[in-house]
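> Now for the letters of each chain:
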Amino acid sequence: MSILAILEQRAGQNGLAEWNRMSFETLVAAQQIAAELNTTAAAAVVGKSIGGLAQELAAYQLDAVYAVEHDLLEHYTADGYSAALRQLLDQVKPLAVLFPHTYQVRDFLPKLATSLERVAVSDAIAHRVDGGQLVLVRQLFQGKINVDVRFAGEAPHFASLQAGAYRADKLVAGSANVESFAPRIQAADIRTRPLERFRESQRGVDLTAAEIIVSVGRGIKEADNIPMVEKLARALGGELAASRPICDAGWLPMERQVGSSGQTVAPKLYLAVGISGAIQHLVGMKGSRTVVAINKDPNAPIFEVADYGIVGDLFQVVPELTAAVEKIKK
Amino acid sequence: MKQVPARDSLLRIGAAGKSIEEADLAFEVNEPDAYALEAALQLKEQHGGEVIALSAGPARASQTIREALAKGADRAIHIEEEMQALDPLAAARLLAAAVQAEAPDLVLTGLQSDDLGYGQTGVILAELLGLPHATIVMQVEKLDGAIRVKRELEDGWFQHVEMPLPALLTIQSGISKLRYATLMGIKKAKTKEVKRLTAAGLGVAAGSSSIALDRLYSPERSKHTQLFTGTPQEAAAQLVEKLRFEARVL
Chain A
1 MSILAILEQR
11 AGQNGLAEWN
21 RMSFETLVAA
31 QQIAAELNTT
41 AAAAVVGKSI
51 GGLAQELAAY
61 QLDAVYAVEH
71 DLLEHYTADG
81 YSAALRQLLD
91 QVKPLAVLFP
101 HTYQVRDFLP
111 KLATSLERVA
121 VSDAIAHRVD
131 GGQLVLVRQL
141 FQGKINVDVR
151 FAGEAPHFAS
161 LQAGAYRADK
171 LVAGSANVES
181 FAPRIQAADI
191 RTRPLERFRE
201 SQRGVDLTAA
211 EIIVSVGRGI
221 KEADNIPMVE
231 KLARALGGEL
241 AASRPICDAG
251 WLPMERQVGS
261 SGQTVAPKLY
271 LAVGISGAIQ
281 HLVGMKGSRT
291 VVAINKDPNA
301 PIFEVADYGI
311 VGDLFQVVPE
321 LTAAVEKIKK
Chain B
331 MKQVPARDSL
341 LRIGAAGKSI
351 EEADLAFEVN
361 EPDAYALEAA
371 LQLKEQHGGE
381 VIALSAGPAR
391 ASQTIREALA
401 KGADRAIHIE
411 EEMQALDPLA
421 AARLLAAAVQ
431 AEAPDLVLTG
441 LQSDDLGYGQ
451 TGVILAELLG
461 LPHATIVMQV
471 EKLDGAIRVK
481 RELEDGWFQH
491 VEMPLPALLT
501 IQSGISKLRY
511 ATLMGIKKAK
521 TKEVKRLTAA
531 GLGVAAGSSS
541 IALDRLYSPE
551 RSKHTQLFTG
561 TPQEAAAQLV
571 EKLRFEARVL
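Quick mapping for you: the protein sequence lines, in order, are chains A and B. For the first sequence, this note's numbering begins at 1 and goes up steadily by one. For the second sequence, this note's numbering begins at 331 and goes up steadily by one.
Rather than coming from a laboratory, the hints here were simulated on the basis of the structure.
With a Cα cut of at most 25 Å, we get these calculated BS3-like pairs of lysine-lysine: (1) A:LYS231 x B:LYS572; (2) A:LYS286 x B:LYS553; (3) B:LYS507 x A:LYS221; (4) A:LYS286 x B:LYS572; (5) A:LYS170 x B:LYS553; (6) B:LYS553 x A:LYS296.
What you are looking at is a predicted structure, and each value in this text was computed from that prediction instead of being measured.
Please construct the entire structure, taking both the sequences and the accompanying hints into account.
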């Protein structure tokens, strides 16, 4: 029984299907887990007219590549994708099925697993093989605690993998047969009607261009305290940004949000003030070259990705830091 | 609505390594679920109808239910069970049994829990109830016998999706301001109906879990963080020094 990676694509600007890059991380995970369990890896991609994408996978070390195609799979729906994948799994009978932990996967994977009376291990960050069994690592309490999880029931076992948990550049080249798979789906099976994807408005602030970002989180407590952090950003010549709760509260505009639902940034210096470091925030900034965290909780997950840190009261530390920066800039 | 350990809780792993010590923890409503309630109350204000708050958890979860009633839910259901050891499918089976009896037009949940964070209960519940669903919903618009919702996608993209009622939605946090309970609301909550159910009463067997928790532990640091100590002034000076001469970013 193989390890099957379900990859994600969507129509790009020119209307042609393109990969969600997280797909290749999932593919690497499938190859690594398959090797450790002495089995083979396979991949599948779902959609309409995705034969070309599937062909790209023929150059990797895979048992098989399944192009799951149907006109009704042109636009993503949970009903369509679940029905198609259930039929594929019935034919392929994999040991484990791996997905990238994307918004789309979050929308249909629990439904697919439930229809087969399974529970998916969502948002896994690593794996190991122990006594011939796959053990996955998940984060609890927003990253404060880890848990090792294993599958108790029969195959197939489902898991989704956190962005960045596996490195796409570790893909092993080889060759694979591309097979097409035509699921039986009827229009009546699909109960939701997806409309066009859209963007709200042009972003006024391009945080991705900033070399220095000072980002503020829940620890700031009140909107009235934001200017204190803004002053630090100004002293550093950087942009002010925030984690989601600050923008949700309307204390800073949404366009200044860093994280999975905001902008993904990789500045020279990212200074996180009063940000605990929930994974939704970390995925938006962990590519930064130097990360500084100021937080009162020494166990805050932000310290996991920080190069430098001050454990303390931000209301005391930030003004001192601003003063120290102003001194050297003079 | 789920009750979870308060956000700033100091978490201690139990001796067996299988669970969190609950004895000295404070609990609060799972924040995403508070937004689901807010969305429900706003829909009621626009279109009429009734809001039922449903929570599964031990006796302490009655606090979450009281708060929901005080904010404006019309009545509540409390499935009084210890939930910590249940996987999301087992938890959803309990909730599904209670929801089925009410046959609501719309079921709203938070998009994930702040404790276990599976982010699956809502979608599993939809599948068990045979309902269409949408996740990470920002806006709900009522159509004739149907709804149109605005879903959040990644990287600042959105999408509208239409579906017939009844349906299930998982609500994104922060889509509107959470209301506070008024004094009047708190007073009125005491007179509102709370139906108490149990797994046995609902006819839901515990069943075997298809995933097993091996061990809880504190994560290892993947990066070595240089921490600066001393007074805030000293720590700030050391940090600026390092940023200038080691990281060379200033």
